[in-house]
Amino acid sequence: MAENVVPHFHNTGGVEAISVGATEFMCIGALPPFDHPHVFLDMGDEHEIICPYCSTLYKLDRSLSPKQARPTEAVYQE
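At position 21 of the sequence shown (counting the first as 1) the number is 21 in the UniProt record's numbering, and the numbers step up by one without a gap.
Be aware that one or more of the hints could be misleading.
[What the hints assert, rightly or not] Computed beta-carbon distance windows for the label pairs:
id	residue 1	residue 2	range
1	44	65	13 to 23 Å
2	34	72	11 to 21 Å
3	24	78	15 to 25 Å
4	43	72	17 to 27 Å
5	31	64	16 to 26 Å
6	78	53	15 to 25 Å
7	63	33	30 to 40 Å
8	33	62	28 to 38 Å
9	45	6	14 to 24 Å
10	38	15	14 to 24 Å
11	45	65	19 to 29 Å
What the hints contain is simulated information worked out from the structure, not anything from laboratory work. Virtual Cβ for every residue (Gly too), placed ideally from N, Cα, C.
Use the sequences and the hints to build the structure in full.
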């Protein structure tokens with residue numbers, strides 16, 4: 001069951017863009033306690049999406065697995 005968990009990413013580092021391997025994921029903004037509401041983002045057929053809360057630009061990178069990001073620090077793990 002845990003294998004199907006939606007990946008979560010954050011932009012605590014304040015980078016301009018984050019490359020991700022998933023087209024559906026959650027953005028949490030920054031690490032808790034400075035996170036925003038955890039919002040589900042779905043790129044659909046597009047290759048990038050902007051989080052409506054924190055304005056982080058997420059770009060699809062098919063060379064990454066769905067639970068990976070560049071920079072690697074952007075992957076949120078509880």
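Here is how each hint holds up against the structure:
no.	hint	verdict
1	44 to 65: 13 to 23 Å	holds (20 Å)
2	34 to 72: 11 to 21 Å	holds (20 Å)
3	24 to 78: 15 to 25 Å	holds (19 Å)
4	43 to 72: 17 to 27 Å	holds (20 Å)
5	31 to 64: 16 to 26 Å	holds (21 Å)
6	78 to 53: 15 to 25 Å	holds (19 Å)
7	63 to 33: 30 to 40 Å	holds (33 Å)
8	33 to 62: 28 to 38 Å	holds (34 Å)
9	45 to 6: 14 to 24 Å	holds (19 Å)
10	38 to 15: 14 to 24 Å	holds (19 Å)
11	45 to 65: 19 to 29 Å	holds (20 Å)
Every hint, counting from the list given before, is met by this structure.
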